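Residue numbers (this note's numbering), protein chains in the order written: chain C, 1463 to 1741; chain H, 1463 to 1741; chain U, 1463 to 1741; chain V, 1463 to 1741; chain G, 1463 to 1741; chain A, 1463 to 1741; chain Y, 1463 to 1741.
I should point out that these hints are in silico values taken from the structure, not numbers from a laboratory.
As the structure is a computational prediction, the values presented were derived from the model and not from experiment.
Beta carbons are placed, not taken as given, at the ideal position from N, Cα and C, and that holds for glycine.
A few of these clues could be false.
As the list claims (entries may be wrong) - These stretches of chain H come out as covered by chain U in the derived footprint (C-beta under 8 angstroms, 3 or more residues):
| # | segment |
| --- | --- |
| 1 | 1535-1546 |
| 2 | 1554-1566 |
| 3 | 1630-1636 |
| 4 | 1659-1671 |
What the hints assert, rightly or not - Quick partial rundown of chain U residues pointing at chain V, CB under 7 angstroms, derived from the structure:
| # | residue |
| --- | --- |
| 5 | L1586 |
| 6 | E1595 |
| 7 | N1619 |
| 8 | F1623 |
| 9 | P1626 |
Said to hold, decoys possible - Here are the in silico distance ranges between beta carbons for each label pair:
| # | chain 1 | residue 1 | chain 2 | residue 2 | range |
| --- | --- | --- | --- | --- | --- |
| 10 | Y | D1718 | A | R1704 | 39 to 49 angstroms |
| 11 | A | G1683 | G | E1692 | 34 to 44 angstroms |
| 12 | A | V1559 | Y | E1529 | 21 to 31 angstroms |
| 13 | C | E1595 | H | K1606 | 17 to 27 angstroms |
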Amino acid sequence: MPEVRVIIPEDLDRALDALIRAGFAGNKAELTRAAITHFLSTIPTQLPKGYDVETAFSPDGRVFQLEYAVEAVRRGGTIVGVCCPEGVVLAKELRKVDPLEITPNPFFKIFELHESIGIVYCGLQTDGYNIVEEAKKQVELLKKEEDEADIETLVKNMVLFIQPFTQRKDVRPLGVALIVGGIDSKNNPRLFLLEGAGGVKENKACAIGLGGEESIGILKGGYKADLRLEEAIGLAIKAALREAKKPENVLVATIDAKTKAFREVTLEEKERMWRQIFP
Amino acid sequence: MPEVRVIIPEDLDRALDALIRAGFAGNKAELTRAAITHFLSTIPTQLPKGYDVETAFSPDGRVFQLEYAVEAVRRGGTIVGVCCPEGVVLAKELRKVDPLEITPNPFFKIFELHESIGIVYCGLQTDGYNIVEEAKKQVELLKKEEDEADIETLVKNMVLFIQPFTQRKDVRPLGVALIVGGIDSKNNPRLFLLEGAGGVKENKACAIGLGGEESIGILKGGYKADLRLEEAIGLAIKAALREAKKPENVLVATIDAKTKAFREVTLEEKERMWRQIFP
Amino acid sequence: MPEVRVIIPEDLDRALDALIRAGFAGNKAELTRAAITHFLSTIPTQLPKGYDVETAFSPDGRVFQLEYAVEAVRRGGTIVGVCCPEGVVLAKELRKVDPLEITPNPFFKIFELHESIGIVYCGLQTDGYNIVEEAKKQVELLKKEEDEADIETLVKNMVLFIQPFTQRKDVRPLGVALIVGGIDSKNNPRLFLLEGAGGVKENKACAIGLGGEESIGILKGGYKADLRLEEAIGLAIKAALREAKKPENVLVATIDAKTKAFREVTLEEKERMWRQIFP
Amino acid sequence: MPEVRVIIPEDLDRALDALIRAGFAGNKAELTRAAITHFLSTIPTQLPKGYDVETAFSPDGRVFQLEYAVEAVRRGGTIVGVCCPEGVVLAKELRKVDPLEITPNPFFKIFELHESIGIVYCGLQTDGYNIVEEAKKQVELLKKEEDEADIETLVKNMVLFIQPFTQRKDVRPLGVALIVGGIDSKNNPRLFLLEGAGGVKENKACAIGLGGEESIGILKGGYKADLRLEEAIGLAIKAALREAKKPENVLVATIDAKTKAFREVTLEEKERMWRQIFP
Amino acid sequence: MPEVRVIIPEDLDRALDALIRAGFAGNKAELTRAAITHFLSTIPTQLPKGYDVETAFSPDGRVFQLEYAVEAVRRGGTIVGVCCPEGVVLAKELRKVDPLEITPNPFFKIFELHESIGIVYCGLQTDGYNIVEEAKKQVELLKKEEDEADIETLVKNMVLFIQPFTQRKDVRPLGVALIVGGIDSKNNPRLFLLEGAGGVKENKACAIGLGGEESIGILKGGYKADLRLEEAIGLAIKAALREAKKPENVLVATIDAKTKAFREVTLEEKERMWRQIFP
Amino acid sequence: MPEVRVIIPEDLDRALDALIRAGFAGNKAELTRAAITHFLSTIPTQLPKGYDVETAFSPDGRVFQLEYAVEAVRRGGTIVGVCCPEGVVLAKELRKVDPLEITPNPFFKIFELHESIGIVYCGLQTDGYNIVEEAKKQVELLKKEEDEADIETLVKNMVLFIQPFTQRKDVRPLGVALIVGGIDSKNNPRLFLLEGAGGVKENKACAIGLGGEESIGILKGGYKADLRLEEAIGLAIKAALREAKKPENVLVATIDAKTKAFREVTLEEKERMWRQIFP
Amino acid sequence: MPEVRVIIPEDLDRALDALIRAGFAGNKAELTRAAITHFLSTIPTQLPKGYDVETAFSPDGRVFQLEYAVEAVRRGGTIVGVCCPEGVVLAKELRKVDPLEITPNPFFKIFELHESIGIVYCGLQTDGYNIVEEAKKQVELLKKEEDEADIETLVKNMVLFIQPFTQRKDVRPLGVALIVGGIDSKNNPRLFLLEGAGGVKENKACAIGLGGEESIGILKGGYKADLRLEEAIGLAIKAALREAKKPENVLVATIDAKTKAFREVTLEEKERMWRQIFP
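Isolated chain C, as found in the complex (with noise of 0.2 angstroms):
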């Protein structure tokens, strides 16, 4: 989140002193965030009540709505993508590993669209599942139309399904973030970051969800252009876990450019990268 600094008048921090000291408060950032809060609250043309809700332009050109689907997004777990010359890899974090629940979970994994394609989602279960299902009669559609479903076509014809939900004002916008990774029809690997809010960009490397920044550092850090196949599973199993959680709490796929194959990677795999890379 986004820091403020201030500076105030001698009077004002004396006041803000005498309030913690009474208990009202622990400390001076809580408080300035109530008076920010109660301050906006005063002054109708910045936030009125009218954006939050709808799909609708504020004076300053944003859609309120695309911007809480993000923040629905960082309200799921962290999903993460590589790209290098032997392939694609995507991940996926757990955050808690229920034993009473099947993992992974059928309906919000690592699904295989097409032989060469993988995609990943997280956000909105329901959401992210219609939009995985909407790929996959895509790829059906495009092997009759093309013979050949081709990963940029793909993630073209899902930009233009996820758009109208940016702009109808009788349905939310979706709210989840896509990653899609491939092998191209010209054998070349490729990745791609898709947001129910609205973006969408081709990557080395990604991160999105609620570890996401955290993420997105890791992969900075260790991406080269490079990568083996191995290395680039290592890198996204580092950046989805970012700490030393369980094997278990991470799922893996590869596509590789070699075979064209979609392959989850298995748990023995998962648990030596783990010992290696938190040793």
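Position chains H, U, V, G, A and Y against the provided structure of chain C, taking the given hints into account.
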């Protein structure tokens, strides 16, 4: 419900004591809840009216109507599912057995969707029954199209049926949770938990509804991977009833992995087990 | 209506006494109700305006429009159903017999849906009549498709007809309750209670409407599993009239398990029974 | 309008007297009404704005728009129906006979729907005429489908036409009441009262509109089961005019049970009767 | 506009005098209107905001949007119709004759719908022209279907066209009034007044618009059942102009009962008559 | 903009002077406007929020959105039309000639609809261009259906295209004005002014837009019925430019009655005339 | 942003100084902005809430949502177009080059619509990509229908595609600006600027987005009618980068008038030019 603990200044504490002595409230928790309620009402950016009633994102990425739909489920009875190598058990708590009503209510019971699949819901009755009927249609369709109604494919289709209700603004979300259990096309017992508010999981055992959290505790205590079907029935009854209510207060059905058949557990069986569980 | 009891401080009590002596209110209950009403109006998160008017969830998972629809039913007369081995009895209280009106009102009476099925509604008249006509269409459809209009299948279809009105925001819910009784395709007498607000039950005996709770008490007192049809008629009349109104104030119809025929009970029969019930 | 009686403290009474002496109001009732109005405006849960304008349930199960539609009917003139063994009489009060207008107004009169069925409406003119035209279409349809336009079937179809307007939120309810009279397919004279707000009754005699309550009193006083058609015409004129207005202020039509023919009563006949009724 | 008379206390009167002397208002009526306006704004149950803007019933059964549509008509010029045994006259006041505009405006004049039917509207221009075009389509349709476009049938169809706009909430009502005159299929001259707000009448003579009430007074003064067509033209001109404006300020057209032909009255004729009317 | 003059009491005047001396405002008009604005905000029945934003009637029969659409037109440049026996002239002021833009803007110029019809719009650009394209379609349709695109028929169809936007609530009205000029099917030069807010007129000469009122004054001063086409061009340029801007600041096109051809006036011609008009 | 200068009374000035000295604000501009914001919030007729969020006219004829959409465009990077006799240059600023992203982003780059037409957008990504795809469809359609995709016809169709989003209330406007450049069917280089908020122009050179105004200044300084294509590329790079960022921060493409071919400018070329522009 979540608990909040808070350190308060001595002056505030004395004021609370005075109000209680004067009879304005029974205890400090009561006063504190009232204070929180009132305080929230003064902060417009946290709880603006619009979010409550419309299916839209709040600034922190939540969709309040979906969370409220979860509350609707909590107002119903408890439903339970247990999956073991020998099959699946579904159970449903009947909170009150009215002598003038027929039990089980043919519209609010454990339904046989298909010879090898059962379904049970809790929450709003017509919402739940509507999804059950939708599931029946899907079963018919799958049988026609694929000669077989695989339980995982069925649950997929139900997720896609539920999703739009979590996103559209011209209807409220569905106020139900469903447990679907059965034998899949590879002869494996499977168990799924599906929420109208949008979540879906595959489970070894699960419970949801009014007494859901206590029931989950019982399941966690008693679940083992190698449970016999008989034992699974016992565990399900215990989780559904929680306390020593009568055997009439629970409905139980099983889908046996061998026979692949849905069967309602008789009152005699339930009585026998009940005597073992609550001796 | 629910009763609330509350302990108040002595000072408050004296203030209430003073207000009553001054003539501002008749008693403390009146003052307390006014105080509660006013207090609730100051708590935005409990009773925000939006919930009342829109078919949406409240924070505690309620759909107020559905609860208000139940109130609409309570404003109508009372309807009663009794099921016994020899058949089913349906009864309807006529609150006021207007000398200028034709009784029974052909649009607000006990309807013969089919030779072996009867239906009666209370609440908003056109809503109720609309569902009755829908039910007639369903009967015709079932006869065509399945050669037989089984009462349980019919009630299923009616539930599915009612459900969307409990969920859509562009119409209000249906403000009615219906009792459907008849002989099913296996020759068993069956009785169902169906609410526009969304509930559905199968019953041995049931009552709903203005005097519903008192009527249910009478049914609970008088119902036995082996009632003769004659006795069931008497019990239904007693539950519908509650007090010694005239025999003209009740409509009664039976569906006999043997003949499988719908029959309206004549005024002579009603008078004879009435003299026995209210001697 | 309902009367409210209230005991007030002496101090309040003196204050009211002072205000009246000072000229602020003409009498205490006026002041009390103002006080009630103001008081109600401070109680949000009783009269929230939303109910008035939307077709939704209020907390006590009322649909205000339907009640207001009834008020729209009360703003029109009075319409009357009388049914007797020899036939049916329909009458319509013309409140003001404008010398520049053609009387009867061809769009606001007693309509012949069919040789043996007549209809008359009061309330919003285009709403009423719209239903009359709908009824004509239904008559044509019934003739085609069933070779005969039975009056009860016709009224049924009109009820089903009116119902959605009492439930949908994208249109207002119909602001009319209609009286339909005629000879049914079994040669019986029949009379129905149908309200846009949703009620429907079969009557021996009925009246609705501006002077409806007074007219009903006249009908109750004069109705007998064995009225001759001639007598029924007189009773209908008396109920429609109430006071000694001119014979031109009433339209009358009969449907004779023998001839099964709709006939408008001539001015000469009306004048002759009028001299008997208001001697 | 309606007048209100009110007795006020002397103290109030003195206060009003003081305000006028101080220059705050020109007279007491001005102050009183302001006071009423302000007072009404404090009574929520009488004038809630919702009624104004939505096509819904107010508590006393009025539909404000329809009443406001009537005001829109009053903002336009005046239109007049006179019917006599020899034919029908339609007239339209041109409030201002702009030297740069073509008169008559081809979109806002007296239209020939059919050789024997004329129509003229006042109020919102595109609304009016839209209905005129709709009427032309109806004429074509009637000619096709019934070989003849009878004026009464045509007006019926126009009423049915207008009705939904008085009831739907997704459009505003039509802001126009129309006078339709012509010779019917039985060779009788007929004259109809039709309002977008929903009323329809058949008239001997009628006027509506800005100067409508004064014009009606002139018509009432001059109308006789046996007017010659020539005299009817004179009466229509007088009612439309009211004061001695120029002959150019009125458009006049006749439909002669003998020739059954629509004819625009020439400027020479108008000038000749004008000199007789305003000597 | 309209001017308001008002007599105020001396006390008020002195207070205003004091405020100006103190620097709170530049002059009394500024203070008065602020006072009026504030005063209006306190009178709910005159300017309720709803009217502004919705296409509905206000209590005095106005549709504010239509009046605001007129303001949108006033924000654009000025367009002018002049009709004379030898043909029609259309002119368009270019407020600012940007050196980086192509002039005339191919989407905001004088368009040739058809060899003998021209059209020019001012106001919102895409709205205007949309109607121009609609007009082109109409021309094609008319040519197909009637072998000829008569200008009056074309304008009729454009009026009917515009009308729904003045009445529907799900779109805003069109924010444009259009001048259509050409030679009709009887070889007469014709000129029409059409507003998105709903008005339509036939004119000898007309102007609308930012400088509309001043331009109309120039037209009224210079128009004669027997203008030569050459003179009409001069008058149109003068009315469009008003002051001695450069010849590049005006676009001019003519439709000659003899040739029936649309022709853009060249810069050389404009320069020559400009030197005569602004010597 | 626009600047406002204001004269204030000395007393006010002293008060502002005191507030700054006390530390409540950094300078007078800050205080003044806060004051203006607060003042505006008190004037209901100028900034009522409704306008912001709905696509409707404000009293002065503005459509705020369209103006806010322009702000959304200003939040993106800068795009530039330059047209010269030898061809067209399109450029796009990349504000930040992320080492983990692929540059250019395949969904946010300069697109080849057709061999002789290029397009580039700034603003909301999915909105922009959606229009690009729409444009591609139009190109395919034009090729099919007219054997050729002329750039002006294409832009026309794009304007018509964009218009409804500026008028409908059920979607927000498109938050993008597009520059379309290419060679038309007469072999002329053409350049168009198209805004989602509704404007469209043909240009010699143009720039829009975050640094739009500064970029336009650079274009005005450097544009000459006889620029060589090489020089145009240099000018476009300078306008897009504005300051001495790296050559990687700009994408450039040309459509050569001779070859009629779209070509992306290579990094080497950009580097060479960049050294000349920012020596």
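So, going through the hints one by one against the coordinates:
1. Counting residues of the segment 1535-1546 of chain H whose C-beta sits closer than 8 angstroms to any C-beta of chain U gives 3, which meets the bar of three, so the coverage hint holds.
2. With 4 residues carrying a beta carbon less than 8 angstroms from a beta carbon of chain U, the segment 1554-1566 of chain H meets the three-residue requirement, and the given coverage holds.
3. Beta-carbon proximity to chain U at under 8 angstroms applies to 6 residues in the segment 1630-1636 of chain H; the threshold of 3 is reached and the given coverage holds.
4. As drawn, the segment 1659-1671 of chain H meets chain U at 0 residues by the rule of a beta-carbon pair under 8 angstroms; below three, the given contact is violated.
5. With 7 angstroms as the threshold, the beta carbon of L1586 of chain U comes within range of chain V, its nearest partner Cβ sitting at about 6 angstroms, so the hint holds.
6. The beta carbon of E1595 of chain U is positioned within 7 angstroms of a beta carbon in chain V (closest approach about 6 angstroms), and the interface hint is therefore held.
7. Because the beta carbon of N1619 of chain U sits about 18 angstroms from the nearest beta carbon in chain V, more than 7 angstroms, this interface hint is broken.
8. The closest approach between the C-beta of F1623 of chain U and any C-beta of chain V is roughly 13 angstroms, which is over the 7 angstroms cut-off, so the hint fails.
9. Among the interface hints, the one on P1626 of chain U is violated; its C-beta lies about 12 angstroms from the nearest C-beta in chain V, farther than the 7 angstroms criterion.
10. At about 45 angstroms, the beta-carbon gap between D1718 of chain Y and R1704 of chain A stays in the expected band of 39 to 49 angstroms.
11. For the hinted restraint 34 to 44 angstroms between G1683 of chain A and E1692 of chain G, the CB-CB distance of approximately 42 angstroms keeps it satisfied.
12. One distance hint, 21 to 31 angstroms for the beta-carbon pair V1559 of chain A and E1529 of chain Y, holds here, with the actual separation near 24 angstroms.
13. Distance hint for E1595 of chain C and K1606 of chain H: a CB-CB separation of about 20 angstroms, consistent with the stated range 17 to 27 angstroms.
Of the numbered hints listed earlier, those contradicted by the structure are 4, 7, 8 and 9.
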